[in-house]
Every structure is written in structure tokens, then in C-alpha cells.
Amino acid sequence: MSDIRNSSVHRSISINDDLVENLELASETIGRFTESKGNLALEQLRHKINEKVKMLQVSVDSPDVANAKWFVREELNPVLRHFGSLNDSNRKLYEEYIERLDGNWE
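Heads up: the sequence shown begins at -7 in our numbering, then just goes up one per residue.
Derived by calculation from the structure, the hints in this document are not laboratory data. There may be inaccurate statements among the hints.
DSSO-like, lysine-lysine: derived pairs with alpha carbons at most 30 Å apart [stated by the list, open to error]:
hint, residue 1, residue 2
1, K40, K84
2, K29, K84
3, K46, K84
4, K40, K61
5, K61, K29
6, K46, K61
7, K84, K61
8, K46, K29
9, K40, K29
Given only the sequences and the hints, what does the whole structure look like? Please build it.
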């Protein structure tokens, strides 16, 4: 029983680490979009990403992870897709983001 429990804990930690890495990558990508300079909405999104990262760094609770996954799929990725479609420079950044994703967070 202990091995199963430890396995679940390790899996949860691994999922958290992957999610944090993906959120940080998304924040970096948004910061590199040509429209990010002075764009309040993108700055607020990056702030929200940073808050999710902080939450995940102190918690491996399923509801927190589920909330962060929902945020990535429903809020973050649509914005990344939109800005990634605006010009060639952004498209390249978005494609690099997708290639570097760890796990299926799209």
C-alpha cells in the first residue's frame, strides 16, 4: 500500500512540475510577442500565470492542479493561439511554444 501511495505522490509532483514549467514557458512566450510591450491585457495574463505558478509551487492538491489545467486549456492557450496568428514573428514564437510543451496541455 505504501508503494502505491508513494507512487501517487511522485506522480502528482511530476505533474505539478510539468505544469509549472509549461506555465513559465507560456509567460516567456507572451513576453516575446511583439504586441506585449505596453499591452495591459497581456501583462495581466502574465500576472495570472505567475499566481498559478506560485500556487502550484506550494500545493499538489488535485483541485489546484485541475484549476491550473483548466486555465491553460480554456484561457491561456486561446490567447496564445490568437497572438500567434497575428504575424510571422508571433507565429514562430507560438510554434516554438507548442514544440517545447511537456505533456498534453493544449
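Do the hints match the structure? See the list:
Distance check on the hinted pair: K40 and K84 sit about 24 Å apart at the alpha-carbon level, within 30 Å; holds. Straight-line distance between C-alpha atoms of K29 and K84 comes to about 18 Å, which keeps the hinted pair within the 30 Å bound. A hinted pair counts as satisfied when its Cα atoms are at most 30 Å apart, and K46 with K84 qualifies at roughly 28 Å. Proposed proximity of K40 and K61 is supported: the alpha carbons are some 13 Å apart, at most 30 Å.
With a CA separation close to 27 Å, the supplied pair K61 and K29 stays within the 30 Å bound. Taking the CA atoms of K46 and K61, the gap is about 14 Å. The hint holds against a cut of 30 Å. Distance check on the hinted pair: K84 and K61 sit about 24 Å apart at the alpha-carbon level, within 30 Å; holds. For the suggested pair K46 and K29, the alpha carbons sit about 24 Å apart, so the restraint of at most 30 Å is met.
Proximity of K40 to K29 is assessed by CA-CA distance (about 17 Å); at most 30 Å being required, the pair is judged to hold.
Violated hints: none; the structure is consistent with every hint.
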